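*Asks:* Each chain, written out:
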Amino acid sequence: MKIWKKACAIAVVAGAAAFAGQAASAQETVKIGQIEALTGATATYGWMSAQGTKVAVEEINAKGGFKVGDKTYKLQLLQVDTRGEPREATVQFRKMMEENVHFVFGPFLTNVFNAIEPIANQNNGKFLLFAGATSAHHALGKPDHDYLMRAWNWDAGPSGFGKLMVDYLKKLNTKKVAMLFQNDAFGKTAVDIYAALFKDAGIELQVELFEPGTKDFSASLAKLASGKPDFLFPGYSDAVLYDIVRQSTESGFGNRFFLVRGSIGPALKNKDSIVDYIAYVPKYFEDAEKKEPKTKAFVESYKAIMKRDFPYDQAPLCSSACYDHVYMLVEAMQKAGTVSDVAKIRATLMDMTYDGMWKIKYDKTGETVFGFDVVHVRKGGAIEVVQFDPTK
Amino acid sequence: MLQLILGQLLNGIIVGSLYGIIALGVTLTFGLTGIVNFALGAFMMLGAYGTWYLYDVAHLPYPLAVVGAVLGVSAVGYVSDMLLFRFTRGNLVNGLLVSIGLISVFEALVLSAFTTTPKDLTYVLPGAFQVAGMFLPKIKLVVCAVFLVIIFGTYLALTRTWLGRAAFAYAQNPEAATLMGIRTERLQTIVVVYSTALAGLGGGLYASMYSIEPTIGTAYILKAVEAAILAGVGSVIGALGGGIILGVSENIGSVFFPSAFRDAYGLVFLIGILLVRPSGLFGDRL
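So the protein lines, in turn, are chains A and B. Under full-length UniProt numbering, think of the first position of the first sequence as 1, with each following residue one higher. Under full-length UniProt numbering, think of the first position of the second sequence as 1, with each following residue one higher.
Please keep in mind that the hints were generated in silico from the structure rather than gathered at the bench. All of these numbers come straight from a predicted model, not from anything done at the bench. Errors might be hidden in some of the hints.
[Said to hold, decoys possible] Here are the simulated EDC-like cross-link-like pairs (lysine to aspartate or glutamate), alpha carbons at most 20 Å apart as the crow flies:
#1 A/LYS170 - A/ASP146
#2 A/LYS269 - B/ASP56
#3 A/LYS294 - A/GLU331
#4 A/LYS171 - A/GLU211
#5 A/LYS271 - B/ASP56
#6 A/LYS188 - B/ASP263
#7 B/LYS119 - A/ASP309
#8 A/LYS359 - A/GLU286
#9 A/LYS170 - A/ASP276
#10 A/LYS269 - A/ASP287
#11 A/LYS294 - A/ASP373
#12 B/LYS138 - A/ASP272
#13 A/LYS392 - A/GLU292
#14 A/LYS303 - A/GLU286
Generate the whole structure from the sequences, applying the supplied hints.
*Replies:* The following block contains the structure:
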């Protein structure tokens, strides 16, 4: 009888402890979802931004989490791979909504954002989406879109980097630019944005779109070169830039480049063949890590957590839109005093300025504004960096 | 304008020879094993990454890096044949499923090892020849020449050696070939491995011209299958011809029409040819 009573007592205590533990762990974890193309032809942005989020989450958890009120929370990161396919993305995103994930990072791809937008609208008020996709810009401030925050600088507008980049080009006495972009949702959006910006600046624009997956650009480049543009404006990731810059310089189609997405890697590789290579870079890491302790710490942390060399050419993709934004979100939760009231957290985010690797704030529509660098590489590899800070 | 067209005609031939070398693998594998090996594009990607690794990371001379990559890809091809393709002989659907599954496996492995960041080989042969106002990149000319030598070499091997004639005999009548003492299992394995080696070589040389990423093979296997169909499956020289026709039609089409629909120009040509010659341009010929 005594043994039976003892067993019952142990069972009750163990059960209560397990229940309490379960309740505590459920309360002490904040789920962060991320919906990006981690594999596939369009995975560059998604793969890199997923790493930025992972580094931030692991850093925060390694420090024991973060406090909101008198409770300490850890982050649980749920990353799903859309492979850049809208249908796959809708399945994954719906699942995330069913699991009550309050904070979702991504997507970077316009076609994926367009696909998940209707599902996101149905869940308006239940979560926040930190999307990098260009098409997300047009959805900001619309009814049923309170969930939407755009975690990337916008091209146009008075503080847009595209406008400032075109101004930079104008100062170089540019008369004609040839745009060579991929024939997809983003490519067409980019052409619309920049056609207006070049028109305002009085610069003539020639446009050629290429088939996704193209590696040999000779025909497009030859066609554009016959129009004798001052600058070639190719887009929009290193997956094509290395080929375009090499083929253009090697075959005599052009040696002056202007770009708003992608790295300066292709310029440095072809430094003796180019004349000018002007690129929008959220941060020139090679320089910044020598001057900024936060950037240096990020580089070291990345190497330790990811166990690989730091990808300088792709670093801005993984850090600015995700790494800093995770920290900014955590700070907003602490200031708002809640981890679940998304309306309150959104309001806090809209009011604050985060001081991380970048100074980040949101404009009144929910779009991120942060500083960036214009990197001008000249023949021989000489680099000039001009910094812009629209947050001031 | 004439210069523009001539330039793209030459570029089309060069690009087409790359389609041709993969198409040769497709046509040989189909002829001997009855399957369309869509994984040849992934083998090409492995060859490209292998070459990049041996050349840029291990610092071997480029020709040695290509040879090393081809040997490595052939070994992977042999293992794939022993473990998987061997069980799909003569079964088009099973072969297709296995080859599509292999694409996912190879791409995922390369992705986790090297990420999606494109790899751009240190230039092997930079610069271009200038002929009549046209720039012809040196590396493209060399690569095209190597492909032509390999394709014609394969043709000669198939027509002038015992093994080649055995392969043809088997393709025409498997039962009779077996009765004549041809070791069919071994022959099929040799062809599968040779096809993967060709794909590996294609990838190794591709990496000297273009940047590489884990998904490069997908586009090229589709072009190779198109080229093989255009030529008529089973024709060795036809594979080269099909590739060149495809390359030229894409490049010349892009001069007169938007480059955004570049792939469609080759397909239009393919449909046109198949309407007139359903077995392909060189169908039923060597």
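*Asks:* Would you mind marking each hint as holding or not holding in the structure?
*Replies:* Structure-based check of each hint:
Between A/LYS170 and A/ASP146 the CA atoms are separated by roughly 37 Å; this puts the pair beyond 20 Å, and the hint is violated. Between the alpha carbons of A/LYS269 and B/ASP56 the distance comes to roughly 14 Å, so the proposed pair stays at or under 20 Å and holds. Of the pairs offered as hints, the one joining A/LYS294 and A/GLU331 holds, with about 16 Å between alpha carbons and a cut-off of 20 Å not exceeded. Between the alpha carbons of A/LYS171 and A/GLU211 the distance comes to roughly 32 Å, so the proposed pair goes past 20 Å and is violated.
For the given pair, A/LYS271 sits about 19 Å from B/ASP56 by alpha-carbon distance, which is consistent with the 20 Å threshold. For the given pair, A/LYS188 sits about 19 Å from B/ASP263 by alpha-carbon distance, which is consistent with the 20 Å threshold. This hinted pair checks out: B/LYS119 and A/ASP309 have alpha carbons roughly 14 Å apart, not beyond 20 Å. The hinted pair formed by A/LYS359 and A/GLU286 meets the criterion: a straight-line CA distance of about 19 Å does not exceed 20 Å.
With a C-alpha separation of about 14 Å, the suggested pair A/LYS170 and A/ASP276 falls inside the 20 Å cut-off, and the hint holds. In summary, the hint linking A/LYS269 to A/ASP287 is supported, as the alpha carbons are separated by about 18 Å, within the 20 Å threshold. Distance hint between A/LYS294 and A/ASP373 is fulfilled; the C-alpha atoms sit about 17 Å from each other, no more than 20 Å. Taken as a hint, the B/LYS138 and A/ASP272 pair is honoured in the structure, with Cα atoms around 17 Å apart against an allowance of 20 Å.
A threshold of 20 Å between alpha carbons decides the hint, and for A/LYS392 with A/GLU292 the separation of about 19 Å falls inside it, so the pair holds. With a C-alpha separation of about 15 Å, the suggested pair A/LYS303 and A/GLU286 falls inside the 20 Å cut-off, and the hint holds.
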